[in-house]
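*Asks:* Chains as they are written, first to last, in the numbering used here: chain A, 1 to 224; chain B, 1 to 205.
Derived by calculation from the structure, the hints in this document are not laboratory data.
Source: prediction; values computed, not measured.
The C-beta atom is built at its ideal place from N, Cα and C for all residues, glycine as well.
Any given hint might turn out to be false.
[To be verified] Think about it this way: if two alpha-carbon atoms lie no more than 35 angstroms apart in a straight line, the pair counts; the simulated DSBU-like pairs of lysine-lysine are:
1) B:K32 to A:K105
2) A:K91 to B:K96
3) A:K53 to B:K101
4) B:K115 to B:K101
5) B:K96 to A:K53
6) A:K138 to B:K177
7) A:K91 to B:K116
8) B:K115 to B:K96
9) A:K105 to A:K123
10) B:K101 to B:K177
11) A:K138 to B:K116
[What the hints assert, rightly or not] Residues from chain B shown here face chain A by an in silico Cβ test under 7 angstroms; the list is partial:
12) G124
13) I125
14) Q126
15) E166
16) Y170
17) Q172
Next come the chains, spelled out residue by residue.
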Amino acid sequence: MSVLALARTVARARPAPRLALALSTQSKSLHTLPELDYAYDALEPHISGQIMKLHHTKHHQTYVNGLNAAEESYAKAPSPKAQILLQPALKFNGGGHINHSLFWKNLAPPSAGGGVLSPGPLKDAIDADFGGLDALKKQLNAATAAIQGSGWGWLAYNDATKKLEVVTTANQDPLLTHVPLVGIDIWEHAFYLQYFNVKPDYLNAIWNVINFKEAERRYLEAAK
Amino acid sequence: MSAAHTLPDLPYPYDALEPFISRQIMELHHKKHHQTYVTALNSAEQAYAKTSSPKERIALQAALKFNGGGHINHSLFWKNLAPAASESKGNGGALKDGPLKTAILESFGSFDAFKKEFNTTTAGIQGSGWGWLGLNPSTKRLDIVTTANQDPLLTHVPIIGVDIWEHAFYLQYLNVKVDYLNAIWNVINFDEAEKRYLEGKGSKL
Numbered sequence: 001m002s003v004l005a006l007a008r009t010v011a012r013a014r015p016a017p018r019l020a021l022a023l024s025t026q027s028k029s030l031h032t033l034p035e036l037d038y039a040y041d042a043l044e045p046h047i048s049g050q051i052m053k054l055h056h057t058k059h060h061q062t063y064v065n066g067l068n069a070a071e072e073s074y075a076k077a078p079s080p081k082a083q084i085l086l087q088p089a090l091k092f093n094g095g096g097h098i099n100h101s102l103f104w105k106n107l108a109p110p111s112a113g114g115g116v117l118s119p120g121p122l123k124d125a126i127d128a129d130f131g132g133l134d135a136l137k138k139q140l141n142a143a144t145a146a147i148q149g150s151g152w153g154w155l156a157y158n159d160a161t162k163k164l165e166v167v168t169t170a171n172q173d174p175l176l177t178h179v180p181l182v183g184i185d186i187w188e189h190a191f192y193l194q195y196f197n198v199k200p201d202y203l204n205a206i207w208n209v210i211n212f213k214e215a216e217r218r219y220l221e222a223a224k
Numbered sequence: 001m002s003a004a005h006t007l008p009d010l011p012y013p014y015d016a017l018e019p020f021i022s023r024q025i026m027e028l029h030h031k032k033h034h035q036t037y038v039t040a041l042n043s044a045e046q047a048y049a050k051t052s053s054p055k056e057r058i059a060l061q062a063a064l065k066f067n068g069g070g071h072i073n074h075s076l077f078w079k080n081l082a083p084a085a086s087e088s089k090g091n092g093g094a095l096k097d098g099p100l101k102t103a104i105l106e107s108f109g110s111f112d113a114f115k116k117e118f119n120t121t122t123a124g125i126q127g128s129g130w131g132w133l134g135l136n137p138s139t140k141r142l143d144i145v146t147t148a149n150q151d152p153l154l155t156h157v158p159i160i161g162v163d164i165w166e167h168a169f170y171l172q173y174l175n176v177k178v179d180y181l182n183a184i185w186n187v188i189n190f191d192e193a194e195k196r197y198l199e200g201k202g203s204k205l
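Bound conformation, chain A alone (with noise of 0.2 angstroms):
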């Protein structure tokens, strides 16, 4: 597939005829479900174990799933009319893996900093261009809240103006157009069971464990 496949790929490499073979046509790197760095009940009272745990074992691990057999499927097709009619599993099992991989580090337990925003560069650009934390906090929900479907509201890192935004994607598309910074989940999944209809007491609870060391970190990885 791409470049970079094949040189993880490579960086993996086992002694494994299989692998051997893949090497030598297409690259097949077998996506695997990341570990949290938490346990399932680590983010209560604010996101419940039982969610965390069928978001993480089942919801994101059939997206890995789905993607894995996209992508053997699209090692093996034979036309571009057959690989397009594959973009749609790709992007959007694709889109999961990447949007949940990137989510499940920007949550942390409020023992590990999770909710707190400490001095630094991230702080700065927020004041700079939200007017603060509190403002962020507004106008990302409000945007997450807002949209008509399922998707993803996220704080952004926009390359061109060197801006922080907040932007959205729907359904599992992934963010192209910035950088990720902290992304919150807005399919009905990722709160029902807790929050049932009330989507608003799911975003305030959020805030509490959101991890803005790591978000700090792709920022700063970004502003280079």
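Position chain B against the provided structure of chain A, taking the given hints into account.
*Replies:* Chain B alone, transformed into the frame defined by chain A:
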């Protein structure tokens, strides 16, 4: 000028579709989700009535489509559900011999084949949306189609709609969409579906 839209009552109690769709889901779905579409549709229409330019009107299209579609879709949905015949509670799930059954068999070969295709197609929606059995107004044949989010079905006459937004099933079926899609067939109101089918076939569209 136009009367405000209102939340239609369900034709059955909130627990009437159990064990296939829980009372808890029906209550939230009707009193919260559908009500929200009705309220927001009224707001959007009020705002639309006050617009004075095409640009302003176009800016309101998203709100009208989302909330209008949500109201249309859910209004159809409640009516195409009924308490289960298998529970001796009503006519839900019972497809009698008649024009609709004949058309389903003609278009899909068997009822099971129809159900399988419907469920697979609906489960395949990438996001929120609806699965539909629709009557194609040009060919007068039955098709399985889907709509995204709250888009109303415009290309076909809606015969049966199934809500696959997660709020429609998650509290009871969690992530296991297929179990919900299998269960719901026990409470599909085929009498209402046949009524729509005959109306659609008789229409000059």
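*Asks:* The structure should be examined with respect to each hint, and the outcome stated for every one.
*Replies:* Here's how the hints hold up against the structure:
Annotation: proposed proximity of K32 (chain B) to K105 (chain A) holds, straight-line Cα distance about 32 angstroms (limit 35 angstroms). The hinted pair formed by K91 (chain A) and K96 (chain B) fails the criterion: a straight-line CA distance of about 42 angstroms is larger than 35 angstroms. Under the criterion of a C-alpha separation no larger than 35 angstroms, the hint pairing K53 (chain A) with K101 (chain B) is inconsistent with the structure, at around 43 angstroms. A distance of roughly 13 angstroms separates the Cα atoms of K115 (chain B) and K101 (chain B); the hinted pair therefore holds under the 35 angstroms criterion.
Our distance criterion of 35 angstroms between C-alpha atoms is broken by K96 (chain B) and K53 (chain A), whose separation comes to about 43 angstroms. At roughly 33 angstroms between alpha-carbon atoms, K138 (chain A) and K177 (chain B) fall within 35 angstroms of each other, so this suggested pair holds. Between K91 (chain A) and K116 (chain B) the CA atoms are separated by roughly 25 angstroms; this keeps the pair inside 35 angstroms, and the hint holds. A C-alpha spacing of about 16 angstroms is found between K115 (chain B) and K96 (chain B), which places the hinted pair at or below 35 angstroms, so the restraint holds.
Proximity of K105 (chain A) to K123 (chain A) is assessed by CA-CA distance (about 19 angstroms); at most 35 angstroms being required, the pair is judged to hold. Distance hint between K101 (chain B) and K177 (chain B) is fulfilled; the C-alpha atoms sit about 26 angstroms from each other, no more than 35 angstroms. Note on K138 (chain A) and K116 (chain B): the hinted pairing is violated, with a Cα-Cα distance of about 44 angstroms set against a maximum of 35 angstroms. Using the Cβ-Cβ criterion of 7 angstroms, the hint placing G124 (chain B) at the interface with chain A is not satisfied: the shortest such distance is roughly 9 angstroms.
Contact between I125 (chain B) and chain A, as hinted, is not supported at the beta carbon level, the nearest pair being about 9 angstroms apart and thus beyond 7 angstroms. The interface hint given for Q126 (chain B) holds, since its Cβ lies 4 angstroms from the closest Cβ of chain A, which is under the 7 angstroms cut-off. Nearest Cβ of chain A to the Cβ of E166 (chain B): about 4 angstroms, under the 7 angstroms cut. The hint holds. With 7 angstroms as the threshold, the beta carbon of Y170 (chain B) comes within range of chain A, its nearest partner Cβ sitting at about 5 angstroms, so the hint holds.
Annotation: interface hint on Q172 (chain B) violated; nearest CB of chain A at approximately 11 angstroms, more than 7 angstroms.
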